[in-house]
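*Asks:* Those protein sequences? They're chains G and V, same order as listed.
Take the first sequence: its position 177, counting from 1, is numbered 189 in the numbering used here, and each next residue is one higher.
Take the second sequence: its position 91, counting from 1, is numbered 103 in the numbering used here, and each next residue is one higher.
Do not take every clue at face value.
DSBU-like cross-link-like pairs, simulated, lysine-lysine; straight-line CA separation at most 35 Å [said to hold, decoys possible]:
(1) V:Lys-123 x V:Lys-29
(2) V:Lys-271 x V:Lys-294
(3) V:Lys-57 x G:Lys-254
(4) G:Lys-57 x V:Lys-293
(5) G:Lys-306 x V:Lys-306
(6) V:Lys-59 x G:Lys-57
(7) V:Lys-284 x G:Lys-303
(8) V:Lys-306 x G:Lys-64
(9) G:Lys-269 x G:Lys-251
(10) V:Lys-166 x V:Lys-266
Quick list of the computed label-pair ranges, beta carbon to beta carbon [what the hints assert, rightly or not]:
(11) G:Ser-62 x V:Lys-244: 25 to 35 Å
(12) G:Pro-280 x V:Ser-281: 30 to 40 Å
(13) G:Asp-97 x V:Lys-123: 39 to 49 Å
(14) V:Ser-281 x G:Gly-165: 47 to 57 Å
(15) G:Pro-280 x V:Ile-138: 22 to 32 Å
Quick caveat, the hints were computed from the structure, so don't treat them as lab data.
For every residue, glycine included, the Cβ atom is placed at its ideal position computed from N, Cα and C.
Protein chains: 2
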Amino acid sequence: MLDVCLLGTSGMMPLPKRLLTAFMTRYNGSSVLIDCGEGTQIAIKKKGWSFKPIDVICFTHFHADHISGLPGLLLTMGNAERTEDLTIIGPKGVENVVNSLRVIAPELPFKINFIEINKNIEEFIINGYKITAFKVNHNVTCYGYKIEIERNGKFMIDKANEYNIPKKYWSRLQNGEIIHEDGKEYTPDMVLGEKRKGLKVVYCTDTRPLPVISEMACRADLFVCEGMYGEKGKEAKAKEYKHMTFYEAAKLAKAAKPKQMWLTHYSPSLIKPEEFMNEVKKIYPHSYPGKDGKSLELLFEED
Amino acid sequence: MLDVCLLGTSGMMPLPKRLLTAFMTRYNGSSVLIDCGEGTQIAIKKKGWSFKPIDVICFTHFHADHISGLPGLLLTMGNAERTEDLTIIGPKGVENVVNSLRVIAPELPFKINFIEINKNIEEFIINGYKITAFKVNHNVTCYGYKIEIERNGKFMIDKANEYNIPKKYWSRLQNGEIIHEDGKEYTPDMVLGEKRKGLKVVYCTDTRPLPVISEMACRADLFVCEGMYGEKGKEAKAKEYKHMTFYEAAKLAKAAKPKQMWLTHYSPSLIKPEEFMNEVKKIYPHSYPGKDGKSLELLFEED
Chain G
13 MLDVCLLGTS GMMPLPKRLL TAFMTRYNGS SVLIDCGEGT QIAIKKKGWS
63 FKPIDVICFT HFHADHISGL PGLLLTMGNA ERTEDLTIIG PKGVENVVNS
113 LRVIAPELPF KINFIEINKN IEEFIINGYK ITAFKVNHNV TCYGYKIEIE
163 RNGKFMIDKA NEYNIPKKYW SRLQNGEIIH EDGKEYTPDM VLGEKRKGLK
213 VVYCTDTRPL PVISEMACRA DLFVCEGMYG EKGKEAKAKE YKHMTFYEAA
263 KLAKAAKPKQ MWLTHYSPSL IKPEEFMNEV KKIYPHSYPG KDGKSLELLF
313 EED
Chain V
13 MLDVCLLGTS GMMPLPKRLL TAFMTRYNGS SVLIDCGEGT QIAIKKKGWS
63 FKPIDVICFT HFHADHISGL PGLLLTMGNA ERTEDLTIIG PKGVENVVNS
113 LRVIAPELPF KINFIEINKN IEEFIINGYK ITAFKVNHNV TCYGYKIEIE
163 RNGKFMIDKA NEYNIPKKYW SRLQNGEIIH EDGKEYTPDM VLGEKRKGLK
213 VVYCTDTRPL PVISEMACRA DLFVCEGMYG EKGKEAKAKE YKHMTFYEAA
263 KLAKAAKPKQ MWLTHYSPSL IKPEEFMNEV KKIYPHSYPG KDGKSLELLF
313 EED
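Taking the hints into account, I'd like the entire structure generated from these sequences.
*Replies:* Quick look at the structure:
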């Protein structure tokens, strides 16, 4: 099961009733956080999710509303007695930016490993998460993230018996391990059926619409997409500041056909996103306004 | 009139219902902010006070819970179209720390002037505020702040007439200006009575008790003092981490006799500060538990 939560939905600045846009996932005891603005730790606390298992933090870009909460979060993770290494993924310069912010959080009980994204599309496998960063189009270097939980094929008992594989290795083979014993090699493909459909979530904010976004979000279980403006007449502003309108996001969703599309990163001037949803749903019916703390439990499909 | 607001009351980390400790004053169109943790801009917005007139930001010390909200606040002040210089006052190194945090807020439409405190007690006069920083005792260099609005003596019409001072100069003299006209000099002391009682507010957090705190808070209109722990048995912890219990704060108040003492900077483990107030009030009756957004309008005494 993959738990996901849209921690906040505000863009630019945190508001009393709308915290900054950030996204968190939980899978198999390991959490991934994408973006961490001022107040993201409040949103995590409000949701009741734990700070300690955050193993990876991905940054879309270095505008303050997406990273200003990092020093506070790191200290709170330290107070939660985390000692395991933390991985931070972000655009070129991520280590410098984080170290600069750490002027107020210099001592932590865990090590930080940095991964700097250099290509347009880059893939990382961490703790069962397949994370793909893809470059988008903002006024600074910015990435969207696809998070996938892949699922092995079904374990075929008859094949395992056919190859005389001892039972004690079955679960390790099911988890993708290769086993060596007495000069013999047992590989997962010997006992696993065809790969089954996994889970896919795409998070994308601070960008103009791009074909790569729809490609990444294609048939995703959830597509979280920025929609800075809902009001008509804001198209030019969206273009100028390299953001999207609700309708541009919906068009990306229409091309990608995710099970659900959630809007987020609302302009502080946008009071009620719900008001514009009728129009949005005309473009893509499975569109919803993101709300702070909105979450979903994603399950693998039945066999 | 001096408006004051305790923006938050949490210590260490912001909580969903308790933002980090910070204090703001408004006087004559100019605001002073003391400390700016993660979420302080949310508290200001919640209170409905304006970002634009913040002319001075004072930092007690550089622990993250007192400064982590600065980059976001600076950007929000910029978005509020502030263009006037901002003064930032803090312990030695303030310019370095702020510039390091500004890695995510490099471009602002206003200039920042830094004042580094070097002595144990230092005084600054800005926009009618008399701000006194006084060194306290924490595990890093830390200062408390006294904010005073001084009040000139009453204007004596009979004296002004006696000296034949033209009426057009009366208000300028009342405001403390010296006037030169046709080789004559008119000075405020010619027409003003004895200095009257002004207003005094003291804010002091992250320290062990010290005599200087009571001296500064002596007969203040408001004394805002840290009280990290209310529960009995936390005295040793308070000593170890260089904080205070509610009762230690109350003893400082007892010596200082302010009109009111508000506790703040509660430990995240302290759920209901109210529960301990009976005991606190036995030490100093005018003690109150600070609450997020608690404010006061301080008026000059009637003549």
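*Asks:* Now tell me if each hint is right for this structure.
*Replies:* Consistency of the hints with the structure:
1. V:Lys-123 x V:Lys-29: holds, 34 Å
2. V:Lys-271 x V:Lys-294: Distance of about 16 Å is within 35 Å: holds.
3. V:Lys-57 x G:Lys-254: Roughly 26 Å separates the two Cα atoms, so the pair holds.
4. G:Lys-57 x V:Lys-293: Between Lys-57 (chain G) and Lys-293 (chain V) the Cα gap is close to 33 Å, so the pair holds against 35 Å.
5. G:Lys-306 x V:Lys-306: holds, 31 Å
6. V:Lys-59 x G:Lys-57: holds, 23 Å
7. V:Lys-284 x G:Lys-303: Holds, at about 29 Å.
8. V:Lys-306 x G:Lys-64: Measuring from Cα to Cα gives roughly 33 Å; hence the hint holds.
9. G:Lys-269 x G:Lys-251: Status holds; Cα separation ~24 Å.
10. V:Lys-166 x V:Lys-266: holds, 32 Å
11. G:Ser-62 x V:Lys-244: 25 to 35 Å: This hint holds: roughly 30 Å between Cβ atoms.
12. G:Pro-280 x V:Ser-281: 30 to 40 Å: Check passed, 34 Å falls within 30 to 40 Å.
13. G:Asp-97 x V:Lys-123: 39 to 49 Å: Holds, at about 41 Å.
14. V:Ser-281 x G:Gly-165: 47 to 57 Å: Given a distance of about 49 Å, which is inside 47 to 57 Å, the answer is holds.
15. G:Pro-280 x V:Ile-138: 22 to 32 Å: holds, 30 Å
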